[in-house]
Amino acid sequence: MYGFEALTFNVDGGYLEAIVRGHRAGLLTASDYNNLCQCENLDDIKMHLSATEYGSYLQNEPSPLHTTTIVEKCTLKLVDEYKHMLCQATEPLSTFLEYITYGHMIDNVVLIVTGTLHERDVHELLEKCHPLGMFDSIATLAVAQNMRELYRLVLVDTPLAPYFSECITSEDLDDMNIEIMRNTLYKAYLEDFYRFCQKLGGATSEIMSDLLSFEADRRAVNITINSIGTELTRDDRRKLYSNFGLLYPYGHEELAVCEDIDQVRGVMEKYPPYQSIFAKMSYGESQMLDKAFYEEEVKRLCLAFEQQFHYAVFFAYMRLREQEIRNLMWISECVAQNQKSRVHDSVVFIF
Amino acid sequence: MSSTGAYPGTWAHALVKVSPYTFSAIGIAIAIGVSVLGAAWGIYITGSSLIGAAIKAPRITSKNLISVIFCEAVAIYGVIVAIILQTKLESVPQSQIYEPESLRAGYAIFASGIIVGFANLVCGVCVGIIGSSCALSDAQNSTLFVKILVIEIFGSALGLFGVIVGIIMSAQATWPAKA
Numbered sequence: 000m001y002g003f004e005a006l007t008f009n010v011d012g013g014y015l016e017a018i019v020r021g022h023r024a025g026l027l028t029a030s031d032y033n034n035l036c037q038c039e040n041l042d043d044i045k046m047h048l049s050a051t052e053y054g055s056y057l058q059n060e061p062s063p064l065h066t067t068t069i070v071e072k073c074t075l076k077l078v079d080e081y082k083h084m085l086c087q088a089t090e091p092l093s094t095f096l097e098y099i100t101y102g103h104m105i106d107n108v109v110l111i112v113t114g115t116l117h118e119r120d121v122h123e124l125l126e127k128c129h130p131l132g133m134f135d136s137i138a139t140l141a142v143a144q145n146m147r148e149l150y151r152l153v154l155v156d157t158p159l160a161p162y163f164s165e166c167i168t169s170e171d172l173d174d175m176n177i178e179i180m181r182n183t184l185y186k187a188y189l190e191d192f193y194r195f196c197q198k199l200g201g202a203t204s205e206i207m208s209d210l211l212s213f214e215a216d217r218r219a220v221n222i223t224i225n226s227i228g229t230e231l232t233r234d235d236r237r238k239l240y241s242n243f244g245l246l247y248p249y250g251h252e253e254l255a256v257c258e259d260i261d262q263v264r265g266v267m268e269k270y271p272p273y274q275s276i277f278a279k280m281s282y283g284e285s286q287m288l289d290k291a292f293y294e295e296e297v298k299r300l301c302l303a304f305e306q307q308f309h310y311a312v313f314f315a316y317m318r319l320r321e322q323e324i325r326n327l328m329w330i331s332e333c334v335a336q337n338q339k340s341r342v343h344d345s346v347v348f349i350f
Numbered sequence: 000m001s002s003t004g005a006y007p008g009t010w011a012h013a014l015v016k017v018s019p020y021t022f023s024a025i026g027i028a029i030a031i032g033v034s035v036l037g038a039a040w041g042i043y044i045t046g047s048s049l050i051g052a053a054i055k056a057p058r059i060t061s062k063n064l065i066s067v068i069f070c071e072a073v074a075i076y077g078v079i080v081a082i083i084l085q086t087k088l089e090s091v092p093q094s095q096i097y098e099p100e101s102l103r104a105g106y107a108i109f110a111s112g113i114i115v116g117f118a119n120l121v122c123g124v125c126v127g128i129i130g131s132s133c134a135l136s137d138a139q140n141s142t143l144f145v146k147i148l149v150i151e152i153f154g155s156a157l158g159l160f161g162v163i164v165g166i167i168m169s170a171q172a173t174w175p176a177k178a
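Heads up: the protein sequence lines correspond to chains S and Y, in order.
Be aware that the first sequence starts at 0, since it is given in numbering that gives the first Met the number 0, and climbs by one per residue.
Be aware that the second sequence starts at 0, since it is given in numbering that gives the first Met the number 0, and climbs by one per residue.
Just so you know, the hints here were simulated from the structure itself, not pulled from any lab data.
Careful, some of the hints might be misleading.
Stated by the list, open to error - In silico lysine-lysine, DSS-like type, Cα no more than 27 Å apart, as pairs:
{"id": "1", "chain 1": "S", "residue 1": "K82", "chain 2": "Y", "residue 2": "K16"}
{"id": "2", "chain 1": "Y", "residue 1": "K55", "chain 2": "S", "residue 2": "K298"}
{"id": "3", "chain 1": "S", "residue 1": "K298", "chain 2": "S", "residue 2": "K82"}
{"id": "4", "chain 1": "S", "residue 1": "K298", "chain 2": "S", "residue 2": "K279"}
{"id": "5", "chain 1": "S", "residue 1": "K269", "chain 2": "S", "residue 2": "K238"}
{"id": "6", "chain 1": "Y", "residue 1": "K55", "chain 2": "S", "residue 2": "K76"}
{"id": "7", "chain 1": "S", "residue 1": "K198", "chain 2": "S", "residue 2": "K238"}
{"id": "8", "chain 1": "S", "residue 1": "K269", "chain 2": "S", "residue 2": "K290"}
{"id": "9", "chain 1": "S", "residue 1": "K298", "chain 2": "S", "residue 2": "K198"}
Since the structure is predicted, the reported quantities are computational estimates derived from the model, not experimental observations.
From just these sequences and the hints, can you work out the full model?
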């Protein structure tokens, strides 16, 4: 019952909620980012990060550092925190936490299948996979030739199995099909997650509905923009949009027929929350769109912490941490390549 | 018609034939039982958040035990009132059990027990929820602690109101003098 979660939430979730709020206090602030942006080389970055919570993860790395090492260690910290929370959680929080990682699983599956198509070595690909999305039989993905085999050999035992019903074909895998497969899987995953949150009810369902709707709408816009000028037909494009969110169903109808970015802008400006995002960009420009979407997402994720006694704080924390890792990667790359003037192009401050 | 004016065979008659001792005993049980329920509820709500938050911010532990103490006070109110009520319970001779005066005394003790029990139940839950938010806010920003404590103090006054009214009601519990 919405409004009375405070009475019983703490029985199972009180401890973990307090822990995740403690982790949130350790997210890097704007002053940390300013210090990092002024570093001269990667060792400086390591020194600045040793004063934050990443210190214990980076201190044993030998110089010279690579940007990939920094990103790997920071991701490792996130994975450790996630695993600690997952092993302490009871139902339904444990299912909720597992749902958060299915997106990474999908990305890993697509990474390995694409890499196999381009004849890369399986072990090299496995090292590039995101650790949160690993599952046991992931290495056997390299053996499959088409989607039906992919499903039959590997994916039927994973949590992704129910998402495959819409995209099992016997066609051979190629770049176009793989992208379509990725988006179809992600659509099914978002809808499943949305239904699960609705079942949980209360503040969790309200806040998660908002966050997942934004995610669905953002993916719809990205799919539209990326498929302008490709062979993807309008019907195929419409099939990739999720069936919930602010844009469903009328916005999707209009987005499906868009042929350039200004038409997309015209569609999105009818929806007040997205009008402010598109107002930040001048006509014909799409590079800033990613950053504008990330900023809006971070704003909504921070708002999730304003209420107590719900599960959306876990989702918000994981997403904010991933944004922080993206920020660190961008800053490290800019510093390593001596292009510090471009640092602020892509860093999204969280606090 | 009995001395209280109810016709035999009606529900009202059944109600006035329940012994005043029963009502008194139930009142005393509710006074202590439901108060302790409220206190326990509040303590677990506050305690689980406090433990989790203290991992990253150990300095909050000693200050935030005040929330737990406020919840505990609610249980103590229940004990005190239950002890007071049980001293009010006297035996009356067989012939006078269903006199209106006896029934009045039984009802007074019952009412006092319900008042104290349920006031302490909601007070304990209230203080517990505020204490949980207090611990989490203190872990992020230590200037917030005293301000949220003021809210908690107002919350714990609710239990005190219940105790005051309960004790006034129990003073009404005068059993008929032995004839």
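Going through the earlier hints one by one, which of them does the structure break, listed in rising order?
-> 1
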